[in-house]
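4 protein chains.
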Amino acid sequence: MANSKYEYVKDYETPDKLPLDNWIVVRIDGRGFHKFTTKYGFEKPNDKKGMDLMNAAAMAVMTELPDIVISYGISDEYSFVLHESCTLFERRASKLVSTVVSTFTAYYVHLWSQHFPELPLTLPLPTFDGRAVPYPSIKRMRDYLSWRQVDCHINNLYNTTFWALIQLGGLDAKAAEKELAGTLSADKNEILFSRFKINYNNEAEIWKKGSVVFRDYELVEPGASVDETPKMPVNLAEVEISKTQAEKEKKRRAKARITLQHLDIIKDDFWERRPWVLSNKPGQIPKQT
Amino acid sequence: MANSKYEYVKDYETPDKLPLDNWIVVRIDGRGFHKFTTKYGFEKPNDKKGMDLMNAAAMAVMTELPDIVISYGISDEYSFVLHESCTLFERRASKLVSTVVSTFTAYYVHLWSQHFPELPLTLPLPTFDGRAVPYPSIKRMRDYLSWRQVDCHINNLYNTTFWALIQLGGLDAKAAEKELAGTLSADKNEILFSRFKINYNNEAEIWKKGSVVFRDYELVEPGASVDETPKMPVNLAEVEISKTQAEKEKKRRAKARITLQHLDIIKDDFWERRPWVLSNKPGQIPKQT
Amino acid sequence: MANSKYEYVKDYETPDKLPLDNWIVVRIDGRGFHKFTTKYGFEKPNDKKGMDLMNAAAMAVMTELPDIVISYGISDEYSFVLHESCTLFERRASKLVSTVVSTFTAYYVHLWSQHFPELPLTLPLPTFDGRAVPYPSIKRMRDYLSWRQVDCHINNLYNTTFWALIQLGGLDAKAAEKELAGTLSADKNEILFSRFKINYNNEAEIWKKGSVVFRDYELVEPGASVDETPKMPVNLAEVEISKTQAEKEKKRRAKARITLQHLDIIKDDFWERRPWVLSNKPGQIPKQT
Amino acid sequence: MANSKYEYVKDYETPDKLPLDNWIVVRIDGRGFHKFTTKYGFEKPNDKKGMDLMNAAAMAVMTELPDIVISYGISDEYSFVLHESCTLFERRASKLVSTVVSTFTAYYVHLWSQHFPELPLTLPLPTFDGRAVPYPSIKRMRDYLSWRQVDCHINNLYNTTFWALIQLGGLDAKAAEKELAGTLSADKNEILFSRFKINYNNEAEIWKKGSVVFRDYELVEPGASVDETPKMPVNLAEVEISKTQAEKEKKRRAKARITLQHLDIIKDDFWERRPWVLSNKPGQIPKQT
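Residue numbers (UniProt numbering), protein chains in the order written: chain P, 1 to 289; chain V, 1 to 289; chain A, 1 to 289; chain W, 1 to 289.
Any given hint could be a false lead.
Copies of the same chain look alike in the list, so a pair counts if it works inside one copy or between any two.
[To be verified] Derived DSS-like pairs (lysine-lysine); straight-line CA-CA distance at most 30 Å:
1) Lys139 / Lys209
2) Lys188 / Lys281
3) Lys44 / Lys5
4) Lys250 / Lys139
5) Lys188 / Lys255
6) Lys255 / Lys174
Since the hints were derived computationally from the structure, they do not count as laboratory data.
Looking at chain P on its own, in the form it has when it is part of the complex:
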């Protein structure tokens, strides 16, 4: 309605549309979470309640933004993958990033008291920043997620050993760091087992694999569906679908339960059994038993 001689300042906005056909990863990171987790006495190396809160916030983000096909979280970071055909906010980077960050933050703050009832939030509050990265093919996008999951493994093995040396071995941080300098994975596994009787393989999957969030449909038997559903479709955005069809799919997608699991997303198996993640076409709702 309003119209004034000052309106010309709108012309200074610069376009920030992310390139078409690209998978868009919006990654958020906790700001100053080292200090934040110390303030609230988070357990080391991993705090279950803290991660549960991260996961709850991520699931809320996926519920509110159906264009996100999969999310992956470790520590104080979460990556949200938007489908290559996504047209949300005309793919404008600032709108996408700010909406994801705002929604995640809102739920993190709001749900805090459910996860930490005994620890009221005080100022300064927890906040997150974010960025969007475009990946021009399924391979690149999967390599991005593989990068985060390998990071999860390497960091968690290190942290598990580091804190075992301190909590069980009685070392201080400096000594533990020195002990681990230059060690390989095998060395850390050996330290854990020989000194502390810890078999790293028995550690909880949530720490070894990180947290994967996606919509839950009936798994597809690898090989079985090859004819109908291309495992690695060259260009999914291509397939033209009628408005009615799109409407139906939206409803089925909305009905799908969002699930949190801790499993390998580097190998093909995860993706072959859940073709809907890459196709963004809803699968079969699992029968209730």
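Following the hints, put chains V, A and W in place on chain P, whose structure we already have.
Frame of chain P, contents of chains V, A and W only:
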């Protein structure tokens, strides 16, 4: 620490540094606030508790991000102005926007129960999106703020009259809209006064002027300080200051009270009496009386 | 060597790297060529000497910039396709565009006198502008070229009929335009044949198909080579090759003759028989007979 | 006219509008000019015919693109400054850069034979690349030009001494380089004078100052015009002028002679006496005598 064959995916991040020497305006907007304010029964045309919450969140953002020199809010939007010499996050747009949006959202959600103790937040939660716009001169940046303040005036006069027609005049929304179609400011003032004995000039400044947030130092007498402090310095980033000096200024800035006022920021007077807003050099802390 | 207090101005350069993995199309267009071709009396609808000069300039560009895998020209425009794995100038848009445009212009001006010995160039000189567009998959890049070739067909059929009406039918431009308004391809073919005994199919390929420039190796029998060379590799940049191998390929590529042909590049056949265009791996040099 | 199912590929073009209110510097650089100047036996340290050709090409560029207010050239590079209010090609970087580069190249190649009649151009031809850099204030833009002119001075003093040591002193390149390592300006002046009786101050201005190209109007007496024409206007784009006025100015600008001079553009004097360079408002055409 982690290093893997997948790390190359970092190369797909694209730079989004905002241009040097530019004032940066980060504006946030409530997402779906029409529905949101209806759900919580916000008063029409303006809800004082709702605006107080917006202002409280904005003041928290300014406290946490000292690079912001002034903020301006109306309705469900808030604009934060970062100084042209700001180097926060290397001026990366996504970091700046996401941090402002996340901080604002965190405080909005966290402080909600203080402003609406009788109305617990339910899902979906309130969220905000944001964008950053660079303005290459003080004039352009001030014109941006003038644009928002003129918008504030035009919208508020319309809304005040519209809701008077409904709440006091017994019209329904459609009839009120029809009544106002094509009217000028003078017409609306006349409707308010002749039919409802409302003198628009007596309406609260918070609705007529919007909310201006800035650091509070001793006002400078217009004209008095002209020799020392250029009213409209050509290039403030230019002035080289020593590290020690910068450290001192940072401390003085941190000590400054952040103030919320409702006044005209279109005319020169506001800016001339508060040279620190444009110079980002802390002024004199007001004497307590 | 030089170093001064002014050197900071370099920081105002903004990065313009084109996204990784994308095919890059640099298209150049003649500036004001309508006026230019009139000035030198180019034949209508098509001038063979003018197109020969365009093609000669394009072949020179391809010789100097081996990262270009294929080029396509019609009228006063030429599109140069850089391979998705291209790292020339770190993929900086302005360097790529300006180098292609400068090289094309240099040859166009330099070779003019060979193609138009009787018509010395006078001021203002012919110039070209350019732009770079990234395409994230082979399909998109081929669709770009198909777009240009369909344009070529549609424009040439129209122009051929338009100028037949004028040159053979005695109409003026306005009447010819009116005659063609709303006609379909079949109508234009019919006009050409029934009124002027022109069978459009017999027109020269250079006008019907445009000009395709690429490196010349032995054609591959469709189907035959499928096992070794993926027809449509998902990600060619992926394949790691040793430095020695790269050096060898560079030499073979340099030896390859650059060929100009006028054929269909919309259908798969062109691409399947010349796998080196998409793979950027040199094929077999044709045996001389 | 043409319209096909492939036309969607146009959506992959990305906007590259340069920011409003910014001065735009398009700098072009000779590609591989070290090799090129060796091939044609350019004189060392400076070749007058070569620089004359550069200057002739630059003057042609300024004639064809009246939005350029000043140009500055040294060696194989030339910088063209577009006025901050320039709207040419909607300020699209690729169009601006490619047009300047193409025009410069066309004239360089075309005028070659006039400057080097005895040396016909052979392949590969001379080419240039280019880039555009936005500067958000007069100060930044002038600092850019100062940077280039300081570079000119430093390089020319070095080169003059280096080649004196070789051509007059009988040293080889390696020995000359070693001799100059770590020397200051005063040292080089001393070497030139004591060993070769060369007073650097007496060297030609074209090499000491570089080449400045601008439109020629009557000089303004410094101080005299201060009241009417702001020396350093805050925002020139601001001033609204009528269409008729703009038309008149365009004609006067077209009539203005483009002049090539070799003078200091670092100090204020140049700019104060030629206010039209910054204002882009045509001045008084000098009276012919």
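Now the hints, each set against the structure:
| no. | hint | in the structure |
| --- | --- | --- |
| 1 | Lys139 / Lys209 | within (20 Å within a copy, 36 Å between copies) |
| 2 | Lys188 / Lys281 | neither (43 Å within a copy, 44 Å between copies) |
| 3 | Lys44 / Lys5 | between (58 Å within a copy, 28 Å between copies) |
| 4 | Lys250 / Lys139 | both (26 Å within a copy, 27 Å between copies) |
| 5 | Lys188 / Lys255 | neither (44 Å within a copy, 49 Å between copies) |
| 6 | Lys255 / Lys174 | neither (51 Å within a copy, 37 Å between copies) |
Consistency note: the structure conflicts with the earlier hints numbered 2, 5 and 6.
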